[in-house]
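Enquirer: This is what each chain is made of:
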Amino acid sequence: MSVVSDRVTALVPSQWWQRSHELLSRVFEDDRRLLALCLTPALALYVLVAILPMVWAFNLSLYEVSTLNPVWEWTGPGRLLDIVASGTFQAAFGRSLVFGFGSVAFQIVVGVSLALLVNREFKGAVLARALALLPYMVPAVAIGMVGQFMLNAQYGIINLVLIRVGILNNPVAFLGLPETAMATVMVVGSWKFAVFVTLLTLARLQSIPENFYEGATMCGANAYQKFRDVTLPRIKNVILIAALLRTLWMFNKFDIIYIMTRGGPGETTTTIPLHAYEVAFNQYRLGEAAGIAALMFVFLALWSIVYFRVARPEEEVRVA
Amino acid sequence: MTDIQVDTLRKEFSSDGGEIVAVDDVSFTVEDGEFVCIVGPSGCGKTTLLRCIAGLEHPTSGEITLGGEAVTDVPPQNRNLAFVFQDITLYPHMKVWENIAYPLKLDGVGADTRYERAQEVADTIQIGELLDKYPGELSGGQQQRVAIGRSIIRSPRAYLLDEPMSDLDAKLKKEMRVELQRIQQQVGGTMVYVTHDQEEAMTLSDRMIVMDDGEIQQFGSPQRVYHEPNNVFVSQFIGSPEINLLPATCRDGATVAVDDTDWRVDTGVDADSVPESVTLGFRPRHTTVERTADPDGIGGEVALVEAVGDENILYIDSEVGELRAVADIEQNPIEEGDSVAIGVERAYLFDAETGETVATSRRHGDRSEDQVEA
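In order, the protein sequences belong to chains U and R.
Using the numbering used here, the first residue of the first sequence is number 2, and each one after it goes up by one.
Using the numbering used here, the first residue of the second sequence is number 74, and each one after it goes up by one.
Calculated directly from the structure, the hints in this document are not laboratory data.
Where hints are given, some of them may not hold.
[To be verified] Straight-line C-alpha distance at most 25 Å; calculated BS3-like pairs for lysine-lysine:
| no. | chain 1 | residue 1 | chain 2 | residue 2 |
| --- | --- | --- | --- | --- |
| 1 | R | 206 | R | 178 |
| 2 | U | 237 | U | 227 |
| 3 | U | 227 | R | 168 |
| 4 | U | 193 | U | 227 |
| 5 | R | 178 | R | 168 |
| 6 | R | 206 | U | 237 |
| 7 | R | 246 | R | 206 |
| 8 | R | 206 | R | 168 |
| 9 | U | 237 | R | 246 |
| 10 | U | 227 | U | 124 |
| 11 | U | 237 | R | 168 |
| 12 | R | 206 | U | 227 |
| 13 | R | 246 | U | 227 |
Whole structure, please, built from the sequences with the hints as guidance.
Expert: Written out as structure tokens, the structure reads:
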């Protein structure tokens, strides 16, 4: 070994080693240089994949763009107002609100409940925790396809079970009926992401020392009071953060809805992202689609700002 | 208030290596209004015992009775006992007054009344000006006061304290000790206090329980435990500096021969029932130390002198290892390197096999007031 390394070092003049060491230590000792060094790659990537497309889309939304005509026709910002005023946009926006907030409410309730459940100490708790997190690893496409199979009115297992148990008399095409399609898509699209909430909440739950519960017990607290006074204050912020992230992501959700219903039946599940897709790739009105996307961005940005102001999820719980 | 009776209490934990007996068929009674410390080395089962009384652990077998009511199967929140933890379990998101009055909140008492009651309690424990702060803004001692305040607000049947001061610094500990005794006199409750600090137990208790290996080694007043230990363990655990213990042989009555030496010690004990093979014990404070060039008998060279206030604690290199003795700094100044002879004023003889006390010399005729228990 020593022979090899001796030979290698002998090939490199010793002053080179020294210079590179000096250079490195100078970089690491200077906080500002180190910061620049660490931040630049991430920042460059961010500008490339996030900022530039966003600016591009905003710019695009000010023109009439056709896939067949290479000439962009200036329409100006008035176009955005036209979009907002249009009935189809408003309807899609309403459905987005229903889908977004409904899904998130579902995810929070299911996710937090699941976290509380697997946080308990029992035999096989570690396995249960691992299993609970499994759905997060299944791709949305697979979930959508499997969901379609399971919900099918002719051969789906869900109809079969519901009829056998006696809840239903006749099979129901959950995804085919305007009354049930939205709720069904919300549930199927959410169970995977409920696990995301579980993941965050569980990490927080595990950090609550047991003696806080014992202390509350000795003060005379029952199970609900312990949840209210010990658990909830400590997981409140993580739930708020999870809710914000999930809302942003669910508003932009495209894949699961597209796979399961393509926005149908009729337009009952056409949310803003599906509406934008429709406008862009079926009607080839790229400028308008970009405008819809831009409006969506503005709405979500405003909503995040309001949310941070009101809910203050960044405020950590005071720890004694 | 109430007395606490513990009857053949046993607590086993299962672990990978099989069953661990944390508390081994323990029985005792804490009288109404008494301050009892449970003291012992870590892992002796003292905290488990306290948690069983509180109901945080369910005993494997045995009975717990509070003021005549069997509570073994009563859940902890219904026992009306106060518990102060080693790690101070205040609610970080509640202000001090909310923390103190938390038990009242659970009883559905309105906020105004709670604030008033918290104010009263806070004045008792002298933190009246801190009511509107958050626990995170307080020092460790103040936080522990708040925890104590929370425990006294509902007039519980008894107070259970699990090493409440082990996280505090030495000076604060002394202050809190005095404070705790004052509070106890004021509220007049039965208190059971777990600690590993024998000095704390000695100063606080009316009576103390010395535990080791899941069993009670001795239950009695601090004076009695100190002066008349039941066995080697108690004599060694209680008292500072630590007792000197030497293997010895007892052939001719009161005089014992220290093994591997030609030292003879006249213990002055009534030697009828003393076995031949014994452990000789004498406390560093029960000695006379004399500077002498050539010690005849117990003695050696002083290796280290620790000056503590008015006295020197001497660590002496002898034929049989380190011996400890205490000498007055002014009356009997001794320095490192001196050769000293040690005279034993009061000796204990323990059975070398079982460790039980077999005889105690009584040179000063000071008998303790209470009879042997446990």
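Enquirer: Confirm or reject each hint.
Expert: Taking the hints in turn, this is what the structure says about them:
1. R:206 to R:178: holds, 18 Å
2. U:237 to U:227: holds, 14 Å
3. U:227 to R:168: holds, 17 Å
4. U:193 to U:227: Since the Cα atoms of residue 193 of chain U and residue 227 of chain U sit roughly 29 Å apart, the hinted pair is violated (cutoff 25 Å).
5. R:178 to R:168: holds, 13 Å
6. R:206 to U:237: holds, 22 Å
7. R:246 to R:206: Distance of about 23 Å is within 25 Å: holds.
8. R:206 to R:168: holds, 5 Å
9. U:237 to R:246: Distance of about 36 Å is beyond 25 Å: violated.
10. U:227 to U:124: holds, 23 Å
11. U:237 to R:168: holds, 18 Å
12. R:206 to U:227: At roughly 22 Å apart (the allowed maximum being 25 Å), residue 227 of chain U and residue 206 of chain R satisfy the hint.
13. R:246 to U:227: violated, 31 Å
Comparing the model with each numbered hint stated earlier shows that hints 4, 9 and 13 do not hold.
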